[in-house]
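By the count of this note's numbering, the sequence shown reaches residue 511 at its end, each step adding exactly one.
Worth flagging that the hints you see were computed from the coordinates, not collected in a lab.
It cannot be assumed that every hint is accurate.
Just the calculated beta-carbon pair ranges, DEER-fashion [what the hints assert, rightly or not]:
(1) A484 - G339: 21 to 29 angstroms
(2) R440 - L361: 27 to 35 angstroms
(3) V331 - A433: 19 to 27 angstroms
(4) A369 - F393: 19 to 27 angstroms
On a predicted model such as this, the values are computed, not experimentally measured, just so you know.
We treat Cβ as the ideally placed atom computed from N, Cα and C, and that holds for glycine.
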Amino acid sequence: MFVGHFAPALVAATRPRAPGLGTLFVAAQLVDIGFAALLIPGVEAMRVVPGITAMNPMDLYHMPYTHSLLGALLWGAAFGALVGAITRRREAALLTALVVVSHWFVDLIVHIPDLTFYGAPPKFGFGLWNYPLAEMPLEIGLTAAAMIYYARRTSAPTGNRRLWILGGLLAAVQAVDWFGAKAPDYSIEIPLTMLAAYIVLALVAAWAGANRAVVMAQEEAST
């Protein structure tokens, strides 16, 4: 799953004391950001195996530090602590950590068995990548529902134009992920492209959420 990972970030951003949407977009993909970074020096590893699943040719055979449940919990705790220290808001720290950890559970739905509890077998994954007619509507539905929920629970003085630009970008990058040309072999371009995509998405999310306020918070402040 790709843009579906951002659904928990959009939902979390509707809390009055949540961190910014850009921060939560980083949290949603922090596990994959770490994976891409660790691929470059070879600490974690993958290879391209056409046909390994119907939708994704990546054989993610060695990623104990990022795609184990223990690893996700540690990444979540660290990033949550950082956000808490910067914002001085306990709820912001907790929401950030939960969004980071949500990545492992969303991956569990689509991955073939390559996820672990603590970096060693057994490996888990329900394999929805082998069923495009189920995975694609699920990913679109999760992201669209979360986007609509965020739009309804927040408001901006200039309207929703920025938010729909973000939605269009999410749709575009997901289309490229699904239908774009696949690399025939692993190269450093794969992690570099991943990192570039996550940076751009986080920056656009930060811009889209910068002038939005949670509606509930506004209502409470006026009573």
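State, for the Cβ atoms of R440 and L361, whether the hinted interval 27 to 35 angstroms holds or is violated. holds (31 angstroms)
May I ask you to test the hint 19 to 27 angstroms on the CB atoms belonging to V331 and A433? Since V331 and A433 have Cβ atoms about 36 angstroms apart, the given range 19 to 27 angstroms is violated.
With respect to the beta-carbon atoms only, verify the hint that A369 and F393 lie 19 to 27 angstroms apart. holds (21 angstroms)
A484 paired with G339, Cβ distance criterion 21 to 29 angstroms: holds (27 angstroms)
Checked against the numbered hints listed earlier, the structure breaks hint 3 alone; every other hint is satisfied.
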